[in-house]
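Participant: So the chains spell out like this:
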Amino acid sequence: MRLLHIFLIIILIFNFNLIKANEIETENKIAKNLRCLICQGQSVYDSDSEFALSLKLVINNKISEGMTEEQIYSFLKKKYGEWILYDPVLNKNTYFLWLLPLLIFLAGGAIIIKKFYIRK
Amino acid sequence: MRFKIIPIIITIVFTATFIIFFKGLKNSNIYTPNVDLEKKVPSLVFKSFDTNLDIISENIFNKNKFYLVNIWASWCVPCRDEHKFLMKLKKSEEIELIGLNYKDNNKNAQNFLGELGNPYDKIFVDKDGTSSINWGAYGVPESFLIHKNKIIKRYIGPINNRNLIEIEKIIK
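Line order of the protein sequences matches chains A and B.
Under my numbering, think of the first position of the first sequence as 1, with each following residue one higher.
Under my numbering, think of the first position of the second sequence as 121, with each following residue one higher.
Hints are not guaranteed to be accurate.
As the list claims (entries may be wrong) - Below, a list of computed lysine-lysine pairs in the BS3-like style, where the Cα atoms sit at most 25 angstroms apart:
#, chain 1, residue 1, chain 2, residue 2
1, B, Lys223, A, Lys77
2, A, Lys79, B, Lys223
3, A, Lys78, B, Lys270
4, B, Lys160, A, Lys79
5, B, Lys208, A, Lys78
6, A, Lys77, B, Lys159
7, B, Lys273, B, Lys211
8, A, Lys79, B, Lys143
9, B, Lys211, A, Lys79
10, A, Lys62, B, Lys160
11, B, Lys247, A, Lys62
12, B, Lys208, A, Lys92
13, B, Lys185, B, Lys208
14, B, Lys124, A, Lys114
Since the hints were derived computationally from the structure, they do not count as laboratory data.
Could you build all of it, start to finish, from the sequences and the hints given here?
Facilitator: Encoded structure:
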């Protein structure tokens, strides 16, 4: 009986550590995907500004409340606008950014086809 | 004919790229959020400065009045500069000043108010900065003009004389 207790406690501790480790991992992942708004050129994860420190705390609280990564992103987007996210969403301001590589790729392909296939 | 088209296209592309980047040089690289956006006051729980009681934000802005939420701290140097404008604003009957003490030590904050005067009708504390983030603020100092549960104006950085005149105009 005692052995069983010890065994259960060990399992509990290990599982608890795993849960905590996952939380920290997601917290860091989210912080890396957020732009520190008052310290340009740094992510929230990298920054030690007051804003970033509080934001990391908020992320931590939201994870503990059971919010998913996506929910936290949309929460922060609502508060601070799209600029806080490093990954820009396709809209009228960013379509050029998204389509440019595709256009260049197509143009390059067209040039190659012209040069090597049509000439022959 | 084909040999002429390619250089022309390349020249056009390069010129277009050059123009885009050249124009971009003049753009400010400092992020300025949409300050004129009309937003509802977020629902939050604040801790009172002197009584340590929890108060819901809806119960703070419920009167048909203008409110100025000012985020401040005793360690924040620009807050000292804007303080005299807040003291002037205090004289107006139409507006209620609400201070949010940001990541501060209670004793230092009280010394700050003792030294420069207390312009606030109510003060709340944000010990770890999370309330400010939930509110949507950047840091200290920052002010929000609120009317009918909506944020109608936002001032990032210290309030200056021009802002004071603007606020007085709005609340008249």
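Participant: Next step is simple, just say for each hint if it's right about the structure.
Facilitator: The hints, checked one at a time:
1. Lys223(B) <-> Lys77(A): Roughly 24 angstroms separates the two Cα atoms, so the pair holds.
2. Lys79(A) <-> Lys223(B): 20 angstroms, holds
3. Lys78(A) <-> Lys270(B): Holds, at about 15 angstroms.
4. Lys160(B) <-> Lys79(A): 11 angstroms, holds
5. Lys208(B) <-> Lys78(A): 34 angstroms, violated
6. Lys77(A) <-> Lys159(B): 14 angstroms, holds
7. Lys273(B) <-> Lys211(B): Between Lys273(B) and Lys211(B) the Cα gap is close to 20 angstroms, so the pair holds against 25 angstroms.
8. Lys79(A) <-> Lys143(B): 30 angstroms, violated
9. Lys211(B) <-> Lys79(A): 32 angstroms, violated
10. Lys62(A) <-> Lys160(B): 21 angstroms, holds
11. Lys247(B) <-> Lys62(A): 17 angstroms, holds
12. Lys208(B) <-> Lys92(A): Since the Cα atoms of Lys208(B) and Lys92(A) sit roughly 44 angstroms apart, the hinted pair is violated (cutoff 25 angstroms).
13. Lys185(B) <-> Lys208(B): 18 angstroms, holds
14. Lys124(B) <-> Lys114(A): Between Lys124(B) and Lys114(A) the Cα gap is close to 15 angstroms, so the pair holds against 25 angstroms.
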